[in-house]
Amino acid sequence: MLTTATANSVPAASSPYNSTVATRLGRRRIPIHTTFYWGHKMDILFHCWPGDSAAMYAVALIVVFAMAVVVEWLSYSNIVKVKNDVVKGLLRTGLYGVRTAFSYMVMLAVMSFNGGVFVVAIGGHVIGFMIFGIILKKNNKNDGLELDSSKLEH
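Last residue of the sequence shown? That's 154 in this note's numbering, and every number before it is there in order.
Just so you know, not all the hints are guaranteed correct.
[Said to hold, decoys possible] Within a straight-line C-alpha distance of at most 27 angstroms, the following computed DSSO-like cross-link-like pairs (lysine-lysine) qualify:
id, residue 1, residue 2
1, K81, K138
2, K83, K41
3, K81, K41
4, K41, K88
[Stated by the list, open to error] Using C-beta positions, here's what the derived DEER-type ranges look like:
id, residue 1, residue 2, range
5, H47, N139, 17 to 23 angstroms
6, A101, K41, 35 to 41 angstroms
7, L91, Y37, 38 to 44 angstroms
8, G94, L136, 33 to 39 angstroms
9, I134, G39, 20 to 26 angstroms
Bear in mind the hints are in silico, worked out from the structure with no lab data behind them. For glycine and all other residues, C-beta sits at the position ideal for the given N, C-alpha and C.
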C-alpha cells in the first residue's frame, strides 16, 4: 500500500497522486494543496485566515492584489527627496526592506497554491508595472532609465 508524506504525520489517501495533504489545525483539518486548486476554503499567510468564509477570501484576494501593487510602486518610485546622503541612504535601505517584505508576503500567499491568489498576485504586479513602470515613468524623464534612440544609431 502506497502512502504519501503528510504534514504532522497525518496519513493521506493511499493514492501516490494525491494533490493534498491534511494537517490538524486545532479541531479542524485543513488540506494543504501541492497543486493549483480553485476553492475558497483555505489559509493564506495566517492561521485560519480567510478560513471557510467566501467574503474573507475576497478580502484576502484584495490584500494580495494591493501588496503586489505596493511592491511595484516601491520598485519604480523615487520618494526619498532628502539632500543628506547618509539619511537618504538609510531611508532608501528601509524602503528596500519594506519592498522585500511585501514581495515575500506575496510569494508566500502564492505558495498556498490557490488559483485565485495566483491570478490576483500576477494581476497586481502587472497593473502596478503598468501604472508605475510605464505611465508614471513617462512623466518623470529625469530618472535616467529612458532609452535614447539617438545613442543607438551608429
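Outcome of the hint check:
{"no.": "1", "hint": "K81 <-> K138", "result": "19 angstroms, holds"}
{"no.": "2", "hint": "K83 <-> K41", "result": "50 angstroms, violated"}
{"no.": "3", "hint": "K81 <-> K41", "result": "45 angstroms, violated"}
{"no.": "4", "hint": "K41 <-> K88", "result": "44 angstroms, violated"}
{"no.": "5", "hint": "H47 <-> N139: 17 to 23 angstroms", "result": "43 angstroms, violated"}
{"no.": "6", "hint": "A101 <-> K41: 35 to 41 angstroms", "result": "27 angstroms, violated"}
{"no.": "7", "hint": "L91 <-> Y37: 38 to 44 angstroms", "result": "41 angstroms, holds"}
{"no.": "8", "hint": "G94 <-> L136: 33 to 39 angstroms", "result": "22 angstroms, violated"}
{"no.": "9", "hint": "I134 <-> G39: 20 to 26 angstroms", "result": "35 angstroms, violated"}
In this structure, the earlier hints numbered 2, 3, 4, 5, 6, 8 and 9 are contradicted, and the remaining ones agree with it.
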